[in-house]
Amino acid sequence: MLLLSVTVVIVSFGLTRSQAADDTGTIKEFKQSVSPEEYQRRYKEFYGNFTEQMAEEGNPADFMVDDGKVLFNKVAGTKGKSCASCHKDDGKDLVGAATRFPKYDASIKGIKTVALQINMCRKKNMGAKPMKYQSYDQLALVLYVKSLSNGMPINVSIDGPARPFYEKGKAFYYKRMGQLNFSCAVCHVKYAGYKARANLISNNRHHADHWPSYRLKWGKTGSLQRRFRGCMKNMRAKPLAYQSELYRDMELYLTNISNGLPIEVPGFRM
Amino acid sequence: MPKGIGRIKIRIPRKIKKGAVIPVKALITHPMETGFRKNKKTGKKIPAYYINDVNVYYGDKLITHCDWTIAVSANPFMSFYVKADKAAPLKIVWKDIKGGVYEKTVQITPE
Amino acid sequence: MSKKETNLKISRRQFMRSTGLGLACAAALMSGALPGLLGKAYAKGTKSANDAAGAESIKKVLRKYFGDRKIENSHVNLKLPIIAENGAVVPIKIQSDLPMDNNNYVKKVYIFVEGNLNPYTAAIDLSPANGKADLAMRIKMRKTSNVRVVLETSKGKLYGAVKSVKVTIGGCGG
Chain V
282 MLLLSVTVVI VSFGLTRSQA ADDTGTIKEF KQSVSPEEYQ RRYKEFYGNF TEQMAEEGNP
342 ADFMVDDGKV LFNKVAGTKG KSCASCHKDD GKDLVGAATR FPKYDASIKG IKTVALQINM
402 CRKKNMGAKP MKYQSYDQLA LVLYVKSLSN GMPINVSIDG PARPFYEKGK AFYYKRMGQL
462 NFSCAVCHVK YAGYKARANL ISNNRHHADH WPSYRLKWGK TGSLQRRFRG CMKNMRAKPL
522 AYQSELYRDM ELYLTNISNG LPIEVPGFRM
Chain L
1106 MPKGIGRIKI RIPRKIKKGA VIPVKALITH PMETGFRKNK KTGKKIPAYY INDVNVYYGD
1166 KLITHCDWTI AVSANPFMSF YVKADKAAPL KIVWKDIKGG VYEKTVQITP E
Chain D
494 MSKKETNLKI SRRQFMRSTG LGLACAAALM SGALPGLLGK AYAKGTKSAN DAAGAESIKK
554 VLRKYFGDRK IENSHVNLKL PIIAENGAVV PIKIQSDLPM DNNNYVKKVY IFVEGNLNPY
614 TAAIDLSPAN GKADLAMRIK MRKTSNVRVV LETSKGKLYG AVKSVKVTIG GCGG
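Chains as they are written, first to last, in this note's numbering: chain V, 282 to 551; chain L, 1106 to 1216; chain D, 494 to 667.
There could be a bad hint or two in this list.
[As the list claims (entries may be wrong)] Subject to a maximum C-alpha distance of 35 Å in a straight line, what follows is the list of computed DSBU-like cross-link-like pairs (lysine-lysine):
1) Lys325(V) - Lys360(V)
2) Lys601(D) - Lys325(V)
3) Lys501(V) - Lys362(V)
4) Lys648(D) - Lys625(D)
5) Lys552(D) - Lys1143(L)
6) Lys325(V) - Lys1114(L)
7) Lys1200(L) - Lys1143(L)
8) Lys405(V) - Lys350(V)
9) Lys572(D) - Lys552(D)
10) Lys656(D) - Lys501(V)
11) Lys519(V) - Lys601(D)
12) Lys1114(L) - Lys498(V)
13) Lys563(D) - Lys1188(L)
14) Lys476(V) - Lys659(D)
15) Lys636(D) - Lys563(D)
Keep in mind that the hints were calculated from the coordinates and are not lab data.
A quick note: this is a predicted structure, and the numbers were derived from the prediction, not measured.
One chain only, chain V, in its complex shape (with noise of 0.2 Å):
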């Protein structure tokens, strides 16, 4: 019976340490145990369509996307410009730009979102101050700024400069953390269709494509990023500041598994 106990435990850890991100090398990557498609059917078998009816009723989210029109025409800090000073018309030359976040930008020497893309807008051509994330306007601009991509295929580069992130933000996504030892793939990739206690595990093939989000839980609108932290919070391990290194690289990793879906925000979740 000992030599069992020690048995189950060297190999148990062993397993562990196996599945370990090796932050110098590449990751090999899980099997996907259902397929996106499977995953649906599951998902309206075991919940209806009810949240799909929600979603259709009303979207509160909605509003935040016009009050980001208005902000976006709205002068902000020392220079007395405001969004539409330069993208003019509303942003009309906005159109598409968000399909191809997060990217590389090499004044920050990694990857930007679109939400510190706007921040780094305020400071450098605004003098504006910059917006606090999850805020109620930070979320409106976003929203405003993503909508005007709606329908649109995302198209994230991954090549060149921005591949070593990439690679970081994968690491990260296949990282074991936290008092529970998950990583992201874990759940979303090895084990998604399956359940944890009574909540079926989403694939991850839509998890970028519909940000920011509002989500019944929280009653209230929040980014991706938001949802990276609950899910860390979940896992029992600490999560990172809002843009943090790590997070912006695995939303870059996150959105290329959505390459070619079309933008849809602002989204409807539980």
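Got chain V; can you put chains L and D on it based on the hints?
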């Protein structure tokens, strides 16, 4: 008033036949705070703040009234029916416990 | 088999009859299909969501609003998810074929969530101008329990429906 409270969306069918019983879908943004939640940082209770009274007017007649409690979900949605027998405005008025009054009117024009 | 032992033994036929009858009665009681007990069946609700404490308090609430008036378990269709993905937002749809004429219409719709600390959730006053007594809303549920609706007509009659909704502790999403 904090941002994003009292934003209203009312949907009625585009084509309305005279005398038809039509669905009306109304959504209003409001936190519908129960008064049971605690602020995670301060530990203090977040005070109750919710819509408790809804009135629906068709023309100048009150046709529907609702009494809501904290058990109605945040950003409350409601769908009900109206017999569209006349061309008249449909006005919905929501009132919350802090005295906030929110209203919106849509025009019912039967063909 | 001596004569002294026969009063303890029953024939196989007798045993099958009495057990069968007992089982049939139990099954009938559990399904609530016995006629004339419509009122009681309504108050009992679905067995799976009934714990003693919950049933007691809903009886008190129903008495507070409706006294001893009989609530007919008919003419009302209640649509709710079997499992609520999130107890904070449970969509409820109420449909009824009861008339909405000037002399006979549904004047009030009550919604109760048994598992909530205060089961009274909302009440909607309707008028003939509504044309139909159909409604939809989103309600909060503290835990797995019954959701009940009661429709009161202008003639003072009561009709109701009950449905059980599971509210679960999510693994991660909830």
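Structure-based check of all given hints:
1. Lys325(V) - Lys360(V): Between Lys325(V) and Lys360(V) the Cα gap is close to 52 Å, so the pair fails against 35 Å, i.e. violated.
2. Lys601(D) - Lys325(V): Given that 35 Å is the threshold and the Cα spacing comes to 34 Å, the pair holds.
3. Lys501(V) - Lys362(V): holds (30 Å)
4. Lys648(D) - Lys625(D): Given pair Lys648(D), Lys625(D) holds - Cα atoms ~16 Å apart, limit 35 Å.
5. Lys552(D) - Lys1143(L): holds (32 Å)
6. Lys325(V) - Lys1114(L): holds (28 Å)
7. Lys1200(L) - Lys1143(L): holds (24 Å)
8. Lys405(V) - Lys350(V): OK: Lys405(V) and Lys350(V) at ~21 Å, within 35 Å.
9. Lys572(D) - Lys552(D): Holds, at about 22 Å.
10. Lys656(D) - Lys501(V): holds (29 Å)
11. Lys519(V) - Lys601(D): Roughly 50 Å between the alpha carbons, so the hint for Lys519(V) and Lys601(D) is violated.
12. Lys1114(L) - Lys498(V): holds (21 Å)
13. Lys563(D) - Lys1188(L): Between Lys563(D) and Lys1188(L) the Cα gap is close to 30 Å, so the pair holds against 35 Å.
14. Lys476(V) - Lys659(D): Cα-Cα ~16 Å, so holds.
15. Lys636(D) - Lys563(D): OK: Lys636(D) and Lys563(D) at ~28 Å, within 35 Å.
The structure fails to meet hints 1, 11 from the earlier list, while all remaining hints are met.
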